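Count the sequence shown with my numbering and you get residues 1 to 69, in order.
Bear in mind the hints are in silico, worked out from the structure with no lab data behind them.
The reader is advised that the hints may include incorrect statements.
[Stated by the list, open to error] Restricting the straight-line Cα-Cα distance to at most 30 Å, the calculated cross-link-like pairs of lysine-lysine (DSSO-like) are: (1) Lys41 <-> Lys16; (2) Lys56 <-> Lys16; (3) Lys56 <-> Lys41; (4) Lys47 <-> Lys16; (5) Lys16 <-> Lys46; (6) Lys56 <-> Lys46.
Nothing here was measured: the structure is a model prediction, and the numbers come from that model.
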Amino acid sequence: MNKGLDATFVHYGIRKDDLALIHRLAHEAGLPEEWLDGVLKAYHEKKVRNEPLEDKDIQRLLNEQLDRI
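All chains, full assembly: derive it from the sequences and hints.
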């Protein structure tokens, strides 16, 4: 068995199929793709740094990203 990164998990730790679904739902909701990628990137960066993410932290992250729309 090969070890290393599975290519399906390269983007923000999300499977490509799931990421495509997330992008489609965001598009249907009228959210810009760049905004969604910003949210996913910010969340992923916090998870990689093992920063605690409680509900209030996620709400703050979303509010910061909503201000960018």
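Hints, verified against the model:
no. : hint            : verdict
1   : Lys41 <-> Lys16 : holds, 15 Å
2   : Lys56 <-> Lys16 : holds, 28 Å
3   : Lys56 <-> Lys41 : holds, 18 Å
4   : Lys47 <-> Lys16 : holds, 19 Å
5   : Lys16 <-> Lys46 : holds, 20 Å
6   : Lys56 <-> Lys46 : holds, 14 Å
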